[in-house]
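Q: Here is how the chains run, residue by residue.
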Amino acid sequence: MKMNRSDAWLTTSQNEPRGYIQPQCLDELWFHTGTNCNLRCPFCLEGSKPGDNRIEFLTLPDAQRFIYEALELGVKKFSFTGGEPFVNPEFIQILTEALDHRPCLVLTNATEPLVNQLAAILPLRDKPYPFKFRVSLDHPDPAKHDESRGKGNFRLALDTLGRLYREGFDVSIARLMLAGEDSAAIDQAYAPYFQAAGIPDDITIIRFPEFHLPGSFPQVPEITEICMTRYLKAEQRAGFMCNFSKMIVRKNGRCGVYACTLVDDVSGYDLGGNLKEAMEERVLLGHHRCYSCFACGASCSEGV
Amino acid sequence: MPDTGYRSIRLANPQGLMRTLTTEIDFEISELLNLVSKASRKGPEATMHELTVHQTHFLDDSLFELQLERGTVAYEPGACVALFNGGEESRPFSIAAGTEETLLRFLIRRVPNGQVSNWLACRKPGDRVRASAPFGWFRPGRSVEGERCVFIATGTGIAPFLSYLRSNPERLPELCLYGLRQQSDAFNLNELQDTGTLRLALSQEETNDHFHGRITGLLEQLPLATDIHYYLCGLDTMINETSHWLEAHGIAYPQIHREIFFYEDESL
Numbered sequence: 001m002k003m004n005r006s007d008a009w010l011t012t013s014q015n016e017p018r019g020y021i022q023p024q025c026l027d028e029l030w031f032h033t034g035t036n037c038n039l040r041c042p043f044c045l046e047g048s049k050p051g052d053n054r055i056e057f058l059t060l061p062d063a064q065r066f067i068y069e070a071l072e073l074g075v076k077k078f079s080f081t082g083g084e085p086f087v088n089p090e091f092i093q094i095l096t097e098a099l100d101h102r103p104c105l106v107l108t109n110a111t112e113p114l115v116n117q118l119a120a121i122l123p124l125r126d127k128p129y130p131f132k133f134r135v136s137l138d139h140p141d142p143a144k145h146d147e148s149r150g151k152g153n154f155r156l157a158l159d160t161l162g163r164l165y166r167e168g169f170d171v172s173i174a175r176l177m178l179a180g181e182d183s184a185a186i187d188q189a190y191a192p193y194f195q196a197a198g199i200p201d202d203i204t205i206i207r208f209p210e211f212h213l214p215g216s217f218p219q220v221p222e223i224t225e226i227c228m229t230r231y232l233k234a235e236q237r238a239g240f241m242c243n244f245s246k247m248i249v250r251k252n253g254r255c256g257v258y259a260c261t262l263v264d265d266v267s268g269y270d271l272g273g274n275l276k277e278a279m280e281e282r283v284l285l286g287h288h289r290c291y292s293c294f295a296c297g298a299s300c301s302e303g304v
Numbered sequence: 001m002p003d004t005g006y007r008s009i010r011l012a013n014p015q016g017l018m019r020t021l022t023t024e025i026d027f028e029i030s031e032l033l034n035l036v037s038k039a040s041r042k043g044p045e046a047t048m049h050e051l052t053v054h055q056t057h058f059l060d061d062s063l064f065e066l067q068l069e070r071g072t073v074a075y076e077p078g079a080c081v082a083l084f085n086g087g088e089e090s091r092p093f094s095i096a097a098g099t100e101e102t103l104l105r106f107l108i109r110r111v112p113n114g115q116v117s118n119w120l121a122c123r124k125p126g127d128r129v130r131a132s133a134p135f136g137w138f139r140p141g142r143s144v145e146g147e148r149c150v151f152i153a154t155g156t157g158i159a160p161f162l163s164y165l166r167s168n169p170e171r172l173p174e175l176c177l178y179g180l181r182q183q184s185d186a187f188n189l190n191e192l193q194d195t196g197t198l199r200l201a202l203s204q205e206e207t208n209d210h211f212h213g214r215i216t217g218l219l220e221q222l223p224l225a226t227d228i229h230y231y232l233c234g235l236d237t238m239i240n241e242t243s244h245w246l247e248a249h250g251i252a253y254p255q256i257h258r259e260i261f262f263y264e265d266e267s268l
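Sequence lines, in order, name chains A and B. Residues 1 to 304 in my numbering are what the first sequence spells out, letter by letter. Residues 1 to 268 in my numbering are what the second sequence spells out, letter by letter.
Please note that the accuracy of each hint is not assured.
Calculated lysine to aspartate or glutamate pairs in the DMTMM-like style (CA-CA distance at most 20 Å, straight line) [to be verified]: (1) A:K76 - A:E280; (2) A:K76 - A:E97; (3) A:K144 - B:E264; (4) A:K132 - A:D182; (5) A:K127 - A:D100; (6) A:K151 - B:E241; (7) A:K76 - A:D62; (8) B:K124 - B:D61; (9) A:K151 - B:E264.
Worth flagging that the hints you see were computed from the coordinates, not collected in a lab.
Working from the sequences, and respecting the hints, build out all of it.
A: Written as structure tokens, this is what we have:
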């Protein structure tokens, strides 16, 4: 449930007004499909693993309720993340509903749960709106990818990525961003793999900085109101996901609207049970992951 | 429309800014966040099951069937549950029981130094085991109502197919290939043979009754048709080789369903 915010939320440890975002629009609505996943990656931003139910499976009736409310608020896109979305037993039905109304983006590890449901996925090409997959390929080195995601899963994910592209779906990848990396060089290192899989080498690559495990509290600088105005331009502030999107998370048998895709481990970011009220809530940038967005310009969104 | 609420902000106390940027996060808010985070983690327990051990039945030192009282657990063939080791470590195991049985059956291979399989192997009747709600994406026989299907398994990968056969005795697959090192490794062999669809491949034992060699040596016996769904479960090399073989013989990739339990050179 929505939390009463104390002074600790409103001000920093130095008693300065905490930085915030006053949301302007709901362009993109994210759905968390549940933390149940077929893989057990040690760095998972959500702590997902097989059988995990920290965040419960999103249900079709829940999704329908928020899809229709979001349409009333002018949403332009629906996006889905997990866990692994294709582990959710109702996910294909949810996607079928969403694709009747807006373009959709699905974040997936592109392994067995997706592969086993290809027969049901392929007909979704014929829906009114397009459907894009973002596949996790953590490193351009298959061995490094498989260290965390399991043996053979780089090859399987790449193979699935190629199949999806050849079947007419738009695709992108997500990878881990290392401190001090040469980003362009690392992106370029994917090219031979994309070529082998029959994928254009200019597909979008989303880089994720270190966000730390859910429930962890790494020490990061605090963001004040002044930080937001002195170091960021209006355009950069508008690029914060909490400005133009929200995420639906199901816990304890009810769905809450969260400020973004990365703060569901703190119930203070549960902005209530409906989108309209949630959009009026000022988002205080007090989560350590807010600092990653502030410092790195990180975003889960691919635009709308 | 205002710019994210900042247009009217007055810049004040700029000297404090850099101090704030380099200050470690305040313990008070850290503790607060910790508390609300813990509170938000009560959910999973509500959908977990505490199941009672009925018995463990060992085939040999490393292979055993764990039987748990079913309680209120509902599932369909192919479903897994994550079983916990008395602490926070868990591993997914496929249910081998039919959907109408009163026991949940799991076929388990003890993994050297495995934190969960070895703990489960030591359970006695009446012990309690924590289990997640059933889940899964590998659904033998479910893709299309009345579909034709073929099952191919190695080792404990037979579990989801046993669950299907026990749940749907009237809807048998066209063929069930089962690969093992030796016949004594087989779970429920008589029950499988009674279906009349079984072909056994024994890689390390010669007998008069069964194929001697790797299971992929039986692929030429597979019925090939565009309306058949092929379900592969068990060892990664078997699954990859069989999948490539089927595609090379004209089977569309979406007709090939796969679930890896073990890797050729290491355990999951």
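Q: Each hint should be assessed against the structure and marked as holding or not.
A: Hint-by-hint comparison with the structure:
1. A:K76 - A:E280: 19 Å, holds
2. A:K76 - A:E97: It holds: about 15 Å lies between the C-alpha atoms, which stays within 20 Å.
3. A:K144 - B:E264: Between K144 (chain A) and E264 (chain B) the Cα gap is close to 19 Å, so the pair holds against 20 Å.
4. A:K132 - A:D182: 27 Å, violated
5. A:K127 - A:D100: 6 Å, holds
6. A:K151 - B:E241: 16 Å, holds
7. A:K76 - A:D62: 19 Å, holds
8. B:K124 - B:D61: 16 Å, holds
9. A:K151 - B:E264: 10 Å, holds
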